[in-house]
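Protein chains in written order, with the working numbering: chain A, 4 to 256; chain B, 4 to 256.
Derived from the structure by calculation, the hints contain no laboratory data.
Please note that a few of the clues may not be correct.
Identical chains share a label here; the pair holds if one copy fits it or two copies do between them.
Subject to a maximum C-alpha distance of 25 Å in a straight line, what follows is the list of computed DMTMM-like cross-link-like pairs (lysine to aspartate or glutamate) [to be verified]:
no., residue 1, residue 2
1, 239, 226
2, 223, 43
3, 110, 191
4, 130, 252
5, 239, 60
6, 130, 60
7, 223, 133
8, 239, 66
9, 28, 43
10, 110, 228
11, 110, 99
12, 28, 66
13, 28, 133
14, 223, 52
15, 239, 114
16, 223, 99
17, 239, 162
What you are looking at is a predicted structure, and each value in this text was computed from that prediction instead of being measured.
Number of protein chains: 2
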Amino acid sequence: MNPTACLLVIGNEVLSGRTQDLNIKFLATRLGEIGIPVREVRIIRDVPDIIIGAVNEMRARFDNVFTTGGIGPTHDDITSECVSAAFGVPWEIHPEAWARMSAQYAKNGSEFNAARQRMATMPRGAKLIDNAVSVAPGFTIGNVHVMAGVPRIMQSMFESLAPSLVGGPPILARAVHTVGVPEGAIAEGLTEIQSRYPALDLGSYPYYRGTGNGVAIVAKGTEAEVAEAAIAEVAKLMLQLGGTPIAGEPPAA
Amino acid sequence: MNPTACLLVIGNEVLSGRTQDLNIKFLATRLGEIGIPVREVRIIRDVPDIIIGAVNEMRARFDNVFTTGGIGPTHDDITSECVSAAFGVPWEIHPEAWARMSAQYAKNGSEFNAARQRMATMPRGAKLIDNAVSVAPGFTIGNVHVMAGVPRIMQSMFESLAPSLVGGPPILARAVHTVGVPEGAIAEGLTEIQSRYPALDLGSYPYYRGTGNGVAIVAKGTEAEVAEAAIAEVAKLMLQLGGTPIAGEPPAA
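Could you build all of it, start to finish, from the sequences and the hints given here?
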């Protein structure tokens, strides 16, 4: 069994449609590669009770919780204090975070003011997640990993955290696609193949291109040979239905 | 008070990182325009108990639930039968959906086979949502609106549904941005402005461009004059901090 993950995206800007989230795809892909499949994502508002409730529900249900967003210096950045409240521990200056940030602001000639000091305030017992982009660190407490919302900062934090995560066998994908075979024609045969490969997750994804409509079938699992055997059967099915199966996913539109 | 919405994105392909979700931003934007702000989003797996549980929890908590994904013809398309189970009603042929689809397949010379017939099977009492792209309809039951996952089909369904939704005052946004003023410098003054405009949601979003780092402040609310007054105060604050405030959001990177 692979350890599991869920993502908690904290921020009104995603819920309002202002911001296109790019973190979910990145984290889902990277976590799959290290064998910690993402089982659920929640996008929630910057409201204390909502954040605290979601953190406590999800850290009980999943092996890992990754949060993005809400750790900057402004009034709407309340993730850190809410995670403290969820764990029932004091929210206090983290000496190493403080040292890194005060050194950085001194170097820049900027003031390490009260708003910025909040970014060095963390749940007692937090372990820092390095931030190679803008210094202010994320942190881990228990099985909750608290990261920035800005994609390039989040990605930097994730890569510094990744070696310490306990993963399982990587989730591999094998795929085949064809034009000219609608989903509704391949569905019955696909159900039959899926039933013989219970360890795989077989997904069917129609696509639309100027060159024609097609379908891509993706097999996900932890054993390459099993995924390849299933995809070979799908390719045969596509041929029988008059398609021209091509290995892999279709090229981007 | 505006009526509320939540989104339920159903599909392993988003959780695995295969697919970049584009529906959340579209729906959040359009629902904000018609005064039904999105309060929460969940992305969940194609597993019956998980779908049924989420539908029942969210339809009790929000005025509207919009689902995307899982209404195609293949084995992993189980949204419709799960919504039936959530409502405790029979899952049965919908005569109008059946008529539309059988006419379409007859016209195409395709077989209206068992897999496709599943797309005409719906919870008893479902009201159809038109699909101008590929015929197979979505549906509404109670306060749950069930739509396709493919963005252009979902958008077509949403626009046919929108006139029947009961909205509130539109959620408006006003914004101002500047380079040269870091978030940590503007945070204190911004907190003070937010405290005097409790009806607004003031968001602070750093951005990074080749031309310099900046910050955008966005005020969201239902009264244009109030949002404009708050943004005028933010612009003044930016000036005091040495910035050059420019109305609106920064141009895309």
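- Task: Could you tell me which of the hints above the structure violates, numbers in ascending order?
- Result: 4, 5, 7, 8, 10, 16, 17
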